[in-house]
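Trainee: Line by line, the protein sequences are chains C and B.
Sequential numbering of the first sequence, starting at 1, is according to this note's numbering.
Sequential numbering of the second sequence, starting at 252, is according to this note's numbering.
Certain hints may be false.
[Said to hold, decoys possible] Where chain B lies over chain C, by a calculated footprint (3+ residues, C-beta under 8 Å):
| # | segment |
| --- | --- |
| 1 | 48-62 |
| 2 | 71-80 |
[To be verified] Straight-line alpha carbon distances no greater than 30 Å define the calculated DSSO-like cross-link-like pairs of lysine-lysine that follow:
| # | chain 1 | residue 1 | chain 2 | residue 2 |
| --- | --- | --- | --- | --- |
| 3 | C | 153 | B | 255 |
| 4 | C | 92 | B | 255 |
| 5 | B | 389 | C | 37 |
| 6 | C | 63 | B | 255 |
| 7 | B | 447 | B | 397 |
| 8 | C | 63 | B | 397 |
| 9 | C | 138 | B | 255 |
| 10 | B | 314 | C | 196 |
| 11 | C | 153 | B | 397 |
| 12 | C | 22 | B | 447 |
| 13 | B | 404 | C | 4 |
| 14 | B | 468 | C | 92 |
| 15 | C | 195 | B | 314 |
| 16 | B | 447 | C | 146 |
| 17 | C | 44 | B | 447 |
| 18 | C | 138 | C | 44 |
| 19 | B | 468 | C | 52 |
| 20 | B | 314 | C | 146 |
| 21 | B | 314 | C | 63 |
| 22 | B | 255 | C | 195 |
| 23 | B | 397 | C | 4 |
| 24 | C | 52 | B | 255 |
| 25 | B | 404 | C | 44 |
| 26 | C | 52 | B | 314 |
| 27 | C | 63 | B | 389 |
| 28 | C | 138 | B | 303 |
[As the list claims (entries may be wrong)] The following label-pair restraints were derived from C-beta to C-beta distances:
| # | chain 1 | residue 1 | chain 2 | residue 2 | range |
| --- | --- | --- | --- | --- | --- |
| 29 | C | 30 | B | 473 | 44 to 54 Å |
| 30 | C | 229 | B | 375 | 42 to 52 Å |
| 31 | B | 461 | C | 189 | 54 to 64 Å |
| 32 | C | 25 | B | 273 | 43 to 53 Å |
| 33 | B | 375 | C | 80 | 28 to 38 Å |
| 34 | B | 413 | C | 36 | 12 to 22 Å |
| 35 | C | 153 | B | 331 | 51 to 61 Å |
| 36 | B | 439 | C | 127 | 49 to 59 Å |
| 37 | C | 154 | B | 303 | 18 to 28 Å |
| 38 | C | 88 | B | 440 | 43 to 53 Å |
| 39 | B | 377 | C | 141 | 15 to 25 Å |
These aren't lab readings, by the way, just hints derived from the structure by calculation.
The beta carbon of each residue, even a glycine, is placed where N, CA and C say it ideally should be.
2 protein chains.
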Amino acid sequence: MKLKVYADRMSQPVRAVIIFCKVNCINYEEVRLDIAKRQHLTPKYAEINPMKQLPAIVDGRFKLFESHAILIYLACSFPGVADHWYPVDVFKRSKIHSVLDWHHSNLHPGPVTIVRNTVLAPALGRPFNPEAAAEGEKILSASLAKIETVWLKDNGRFLLGGNQPSIADLSLVCDIMQLELLDESDRDRLLGPYKKVQQWIENTRNATNPHFDEVHKILMKAKEKRQNQRLKGENHGGGGSDMKKPLVSRI
Amino acid sequence: MKLKVYADRMSQPVRAVIIFCKVNCINYEEVRLDIAKRQHLTPKYAEINPMKQLPAIVDGRFKLFESHAILIYLACSFPGVADHWYPVDVFKRSKIHSVLDWHHSNLHPGPVTIVRNTVLAPALGRPFNPEAAAEGEKILSASLAKIETVWLKDNGRFLLGGNQPSIADLSLVCDIMQLELLDESDRDRLLGPYKKVQQWIENTRNATNPHFDEVHKILMKAKEKRQNQRLKGENHGGGGSDMKKPLVSRI
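Using the sequences provided together with the hints, build the complete structure.
Mentor: Structure follows, in structure tokens:
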């Protein structure tokens, strides 16, 4: 029975898992659930993942949730996954665990908080919350500074310093990619000070393309749709939407 | 060269690492830093852990931070650690990763937020913040309910259902133990509805004693000190301290 990946590509950890499967030629079936339509909250999906979050996988009789755990499981269970993704060497592997653990409580809440409280708020049925978004900016900046000065300090192409990405690069970069939903000027303002981070995002993208771009298409489409809505609003004399204001003015 | 563990036992992930070392007869040196005295924020410690958090380890030339990554490293690198702590079996191991990942963004912020914003606030130089503590209570209750109904639903002694604890049991239970700092009535109110969780805490304690109790002594002493200060305040006609009010009234 084929591996099933329960997914909404609008979710950044979902994208990391999907890209990993594609890059490593893992044969899988993508079971699409729409978070905006609350399809991850049904009792049927709770049988797959009782935490009602995406992604989750089913491999035969084995069910698993949490994207880092899934990435490690896939790296260990499917033949042909190159060692650099999750090295057998205990020291390298431990560094990956350290980055992934740090990510949970540091980088991850940054982009999530910004995007949820600004551009994604209407789709999620939430109010715009500039204070929460500002808090998200602080978390993001502090975390990007740490990535730049700790893991990328030796000018390595990837977080562990090697020439090939690990699951940690993929997970963290997919999170930062969520900022694509913002206006270009806001994204540039947030990422601008971190040149090494920008290069590392590009390195991870190049190392996983064409899959990286294909899986992120949904973000680009959402961004385009939003921009069109804004232009339409402006052409109709303002439209009165928060969407037309740049993020910086809403925070 | 002996393994060094940089530690303040007031920190719950530190306690998990220390208990793990003791239970598994890992020969280590405990390098004590006092968080209340900001000793984890010095440039000297930043050379060990640039994130300036505890715990961290140094094993020969290898440095590592993040407690889950440390527990996994120790389980894989030191001879004599029983398999149940971090099983070789990929399915069991993946479930441990899943619990540990879930813990970061779900259970962990609960006790931390409650305790930091109430009883530990003065020692940390922070104001009491009843709103933040109330938010922490919500997070804690939601997470305990999930532990009770997902991982403990089959009445197993431990989270993975076996008869021996894993690193996930140790990590999560040490976090919940932080609630010992609260008044007995507040702790009972918060844990009271979760009978299976209470039994699981006791199972983890029994499986790791006498080390569990020894490493948690610091919490019990801090609790006793706080109670004595309160009594002293009451004997002097009130004392005017927030300490005398039960947590429930401060939230």
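Trainee: Which of the numbered hints are not met once you compare them with the structure shown?
Mentor: Of the numbered hints given earlier, those the structure breaks are 6, 9, 11, 12, 14, 16, 18, 19, 21, 22, 24, 26, 33, 34, 35 and 36, listed in rising order.
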